[in-house]
Amino acid sequence: MALPPLKDRSRGYEFAASEYNLIFKVENTGYVRYKDKRKGTFYLDPSPYYNDPKSQIYAVKSGEFPPKDKLIEVTVTETETFYELKGQEIGPVLIKYVIGWKYINPNKIRGKDLASTEEFLEFLSTPVKNPNFYNIEDFRYCLGMCAISAPQITDLEKGGINTVALDTHRDRQKWAAFKRILRIVPLEFRQPSSKNFYKFLESSEETYPLNSREVNLSYFDVTDVPIHLPIPLNMAFKTHGEYKKNFEEYLPVARAYMINSLLFQPYVPEKVEKRMEDAMYFILDEISSSEDIPYYQDIGSVIPKLATSFARLNFKSWVTLNDLKTSTGLWSDVMEGSRHNVSELNKISTDYLYRLPSEAEVLLKEITELDDAGMPLLLNTVKSNTKLFDFTFDNALRKLKVNGFIYFPNGEKIGLIHY
Numbered sequence: 001m002a003l004p005p006l007k008d009r010s011r012g013y014e015f016a017a018s019e020y021n022l023i024f025k026v027e028n029t030g031y032v033r034y035k036d037k038r039k040g041t042f043y044l045d046p047s048p049y050y051n052d053p054k055s056q057i058y059a060v061k062s063g064e065f066p067p068k069d070k071l072i073e074v075t076v077t078e079t080e081t082f083y084e085l086k087g088q089e090i091g092p093v094l095i096k097y098v099i100g101w102k103y104i105n106p107n108k109i110r111g112k113d114l115a116s117t118e119e120f121l122e123f124l125s126t127p128v129k130n131p132n133f134y135n136i137e138d139f140r141y142c143l144g145m146c147a148i149s150a151p152q153i154t155d156l157e158k159g160g161i162n163t164v165a166l167d168t169h170r171d172r173q174k175w176a177a178f179k180r181i182l183r184i185v186p187l188e189f190r191q192p193s194s195k196n197f198y199k200f201l202e203s204s205e206e207t208y209p210l211n212s213r214e215v216n217l218s219y220f221d222v223t224d225v226p227i228h229l230p231i232p233l234n235m236a237f238k239t240h241g242e243y244k245k246n247f248e249e250y251l252p253v254a255r256a257y258m259i260n261s262l263l264f265q266p267y268v269p270e271k272v273e274k275r276m277e278d279a280m281y282f283i284l285d286e287i288s289s290s291e292d293i294p295y296y297q298d299i300g301s302v303i304p305k306l307a308t309s310f311a312r313l314n315f316k317s318w319v320t321l322n323d324l325k326t327s328t329g330l331w332s333d334v335m336e337g338s339r340h341n342v343s344e345l346n347k348i349s350t351d352y353l354y355r356l357p358s359e360a361e362v363l364l365k366e367i368t369e370l371d372d373a374g375m376p377l378l379l380n381t382v383k384s385n386t387k388l389f390d391f392t393f394d395n396a397l398r399k400l401k402v403n404g405f406i407y408f409p410n411g412e413k414i415g416l417i418h419y
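Counting from 1, position 230 in the sequence shown corresponds to residue 230 in the numbering used here; the numbering is continuous, with no gaps.
Just so you know, these hints were derived from the structure itself, not from any lab. Please note that the accuracy of each hint is not assured.
[Claimed, not checked] In silico lysine to any residue, SDA-like type, Cα no more than 25 Å apart, as pairs:
1) Lys383 to Pro357
2) Lys35 to Leu3
3) Lys25 to Ser317
4) Lys129 to Thr117
5) Lys7 to Asp69
6) Lys195 to Thr239
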């Protein structure tokens, strides 16, 4: 069953609970989409993925213009109706004049989805033959985080999670089942123009569309590109015919849950940020203690991305210490599972993977000297004090991040890991 495009949804069960509430229950609240930014006229959509069906126009009468794509509630002082030509007919258009607005927490309008978090995760494992498989919960969480992505929390890196599905025998039927599960991802999100971008890959290609805020690349047995989360396919799968009917019936409900999750942009509180560096030391210990590993682990991004994704999966506005602990534990479990789900021939030497090129060594020395001098480690500060050219600088900065020498806490800030 092909799901309708996001803009063409019409049945109640196809909508996220928050979208439904903003369409039918809550007034003067929604996500800003400008009609004319210069004039301060805009629409309030139930989500960035569905336009306001009422097509009400809001016009700022006084005060600042709201930022686009943000969830706000407006104060309306008066309304006016005029008529315009719509196709072959003349129809009314309602204009609401705005004298103030405020940000709204998505939880305020979220409501109750048709699926709970547990039901959503259980749906993702529908193709698995034995639902009592010993690590089925890890598998479900991996797929859940793969589907709902990770928010962009820093100006220096896009959001999203890169995953690699690993199987000792490179079983393409398992890979087909993996991709079929992720049919909940709307087709629109497969387009490079989408703010939320998803792609399946069987090569070392790395695609980061310019306009995308979140990029999710899912690889099949590719071991030489930076990965955040491995997904060992060490279980038996049903044939498509064995689960097709139930899977397709529940698919629209699961997609609605996914859309609701994407509306959350959990931030990292300062106390959690400080603990994230400790978790990175744990990752570094795990990697450095091994002579070889089953894939190329992105060390500098994995903790922030998994923690924020886990918070988003549970509709949280900020990351908690429990989110950090649980997501780190999940990574540890699936990393261990991955070691047993890749042939010895395909494992890669850690010395080879994490060897720094000369330009990255130069940049690391410069960043360390700035830190020793008490200088703030901001992108502009580091750039203005480097000997590297722009292209070389960008590649060196990314290499330092992937290899766990630095991380990007928020904004333009660069964190130095003293390991």
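Verification of the hints:
{"no.": "1", "hint": "Lys383 to Pro357", "result": "18 Å, holds"}
{"no.": "2", "hint": "Lys35 to Leu3", "result": "28 Å, violated"}
{"no.": "3", "hint": "Lys25 to Ser317", "result": "22 Å, holds"}
{"no.": "4", "hint": "Lys129 to Thr117", "result": "21 Å, holds"}
{"no.": "5", "hint": "Lys7 to Asp69", "result": "16 Å, holds"}
{"no.": "6", "hint": "Lys195 to Thr239", "result": "34 Å, violated"}
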